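Q: Listed here are the chains, written in short residue letters.
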Amino acid sequence: MIIVKRFLSALLATSILFTGSIQAVQAAMISTEQVAESAITAKGEQDRAKIVSMLSRDEVQSELVARGIDPMEAKSRVAALTDDEASSLASQLDNAPAGGIIGAIVLIFLVLLLTDILGFTKIFPFTRSIR
Amino acid sequence: MKASVYRICILAFLCLLNACAANGVREVTQSKQLPRQAELTNTPFFPQELYQCGPAALATALNAVDIQVTPEQLTPEVYIPSRQGSLQIEMLAAARRHGAIAVMIPPKLESVLQEVVAGNVVVVMQNLGFSWAPSWHYAVVVGFDLNRELLWLRSGTFKRFEMSLSAFQRTWARSESWAFVALPPGKLPATAMADDVAKALVAFEKHATTSARTIAYQSAVERWPTHLVLLMGLGNSAYKAGDMPAAARAFQQAIAAHPDAAPAYNNLANVLLVQKQAQQANNIAEKGLAVVGNDEKVRQQLLQTLAEINDYQNQHSQ
Chain A
1 MIIVKRFLSA LLATSILFTG SIQAVQAAMI STEQVAESAI TAKGEQDRAK IVSMLSRDEV
61 QSELVARGID PMEAKSRVAA LTDDEASSLA SQLDNAPAGG IIGAIVLIFL VLLLTDILGF
121 TKIFPFTRSI R
Chain B
1 MKASVYRICI LAFLCLLNAC AANGVREVTQ SKQLPRQAEL TNTPFFPQEL YQCGPAALAT
61 ALNAVDIQVT PEQLTPEVYI PSRQGSLQIE MLAAARRHGA IAVMIPPKLE SVLQEVVAGN
121 VVVVMQNLGF SWAPSWHYAV VVGFDLNREL LWLRSGTFKR FEMSLSAFQR TWARSESWAF
181 VALPPGKLPA TAMADDVAKA LVAFEKHATT SARTIAYQSA VERWPTHLVL LMGLGNSAYK
241 AGDMPAAARA FQQAIAAHPD AAPAYNNLAN VLLVQKQAQQ ANNIAEKGLA VVGNDEKVRQ
301 QLLQTLAEIN DYQNQHSQ
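Residue numbers (our numbering), protein chains in the order written: chain A, 1 to 131; chain B, 1 to 318.
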């Protein structure tokens with residue numbers, strides 16, 4: 001843990017140093033890194049929108065209800081996904097065969113379950129939070 | 001009562017997921033695109049010291065692309081004694097530090113084999129134990145034989161470790177099929193997506209020389225000529241190298257493909273200002289402001305560019 005912390009603080013320190021020196025050289029140029037960050041964020045937004053639209057389909061809603069998941073809760077959980085999580089979930093949806101939407105729902109179900117156990121959410125009554 | 005039914009459901013699902021783990025094998029053995037057999041026999045081999053599969057695998061991959069480095073040199077960069085292992089993120093960082101571009105490839109068996117066919121060895125992470133008692137291991141895939149359903153790895157103390165495709169698939173899936181290729185600037189992985197390459201190049205450019213950076217972005221833009229991040233990277237590399245005409249071309253290409261990419265307008269305006277075309281620079285920056293939307297940071301940067309253009313025009317009108 002200490003090593004990870006030390007590594008992160010060293011990384012942070014060097015990245016601050018780096019941005020400082022780059023900005024001094026070229027005040028008004030926008031770095032590739034900044035563009036990449038906003039491009040990736042935009043992609044995360046698209047991915048989230050895609051998942052929410054999938055969740056809004058009637059057959060998916062009834063599947064969720066059948067599993068005891070409130071569809072509104074599922075949607076708010078999607079809004080809380082990080083960009084990386086959203087994109088991995090979206091790619092699962094992309095790769096799912098036409099009838100395989102159930103598999104994707106199970107994935108969301110498992111994500112929700114995990115976050116329940118970690119104590120971030122409380123959707124399933126049977127989980128006991130570890131904190 | 002209800003709770004236990006749920007629990008059984010979950011267990012059943014997890015078992016189902018497990019049963020699917022060695023999928024993908026049939027796909028590749030029946031693949032028409034892959035040759036039946038390929039092996040990169042010239043790949044060097046560094047037998048690992050105790051627990052130090054990370055440095056050994058990385059040295060193998062780097063020497064395969066003619067970057068001379070020994071596992072001993074890499075050990076302080078990637079090995080964490082208390083964990084008796086190497087972190088994935090540090091494997092990628094160390095490859096970059098030695099001048100290679102480290103690109104994650106899609107988590108599919110087919111991708112690994114395609115990279116081998118393209119001449120790139122693949123560093124993979126495996127869990128040779130169980131998910132609940134992990135035994136993490138880095139190895140390098142160097143060849144395969146689809147007729148015999150196996151592949152070969154530089155692994156641990158084995159120079160040519162033979163593993164069945166399904167065993168590999170299972171042990172590899174436990175690392176979420178983590179795999180990367182380390183390539184010299186100018187070469188691209190055969191299977192990686194544009195976004196993954198862009199991510200790798202943005203990380204690579206921090207340590208790269210100006211020429212390496214330009215070559216790397218140039219080759220990526222040739223394959224994906226409309227990718228915004230790659231075009232911005234190419235333009236910025238050319239700008240840093242002092243090649244303003246090339247920088248202007250890249251930013252113009254970015255604008256043509258993404259008419260609402262305000263950062264491209266901003267950087268083009270800066271290039272034009274360096275070329276002493278203040279009026280044109282002003283027009284381009286104004287266009288950028290028109291499309292910037294609600295990105296406050298880029299708006300400020302555009303306003304700063306306009307202020308600089310203004311200063312320049314004032315100085316030269318006197």
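Worth flagging that the hints you see were computed from the coordinates, not collected in a lab.
Treat the hints with care, since some could be wrong.
[Unchecked claim] With a straight-line Cα cutoff of 27 Å, these simulated DSSO-like cross-link-like pairs (lysine-lysine) come out:
no. : chain 1 : residue 1 : chain 2 : residue 2
1   : B       : 199       : B       : 276
2   : B       : 206       : A       : 43
3   : B       : 108       : A       : 43
4   : B       : 297       : A       : 43
This one's a predicted model, so the numbers in the text were calculated from it and none came from an experiment.
Q: Sort out whether residue 43(A) lies within 27 Å of residue 206(B), counting only the CA atoms.
A: Holds: residue 206(B) and residue 43(A) sit about 24 Å apart, inside 27 Å.
Q: Holds or violated: are the alpha carbons of residue 199(B) and residue 276(B) at most 27 Å from each other?
A: Since the Cα atoms of residue 199(B) and residue 276(B) sit roughly 33 Å apart, the hinted pair is violated (cutoff 27 Å).
Q: Does residue 43(A) sit within 27 Å of residue 108(B), going by the straight-line distance between their CA atoms?
A: Judged against 27 Å, a Cα distance of about 22 Å means the pair holds.
Q: Does residue 43(A) lie within 27 Å of residue 297(B) when you go C-alpha to C-alpha?
A: Holds, at about 19 Å.
Checked against the numbered hints given earlier, the structure breaks only hint 1 and satisfies all the rest.
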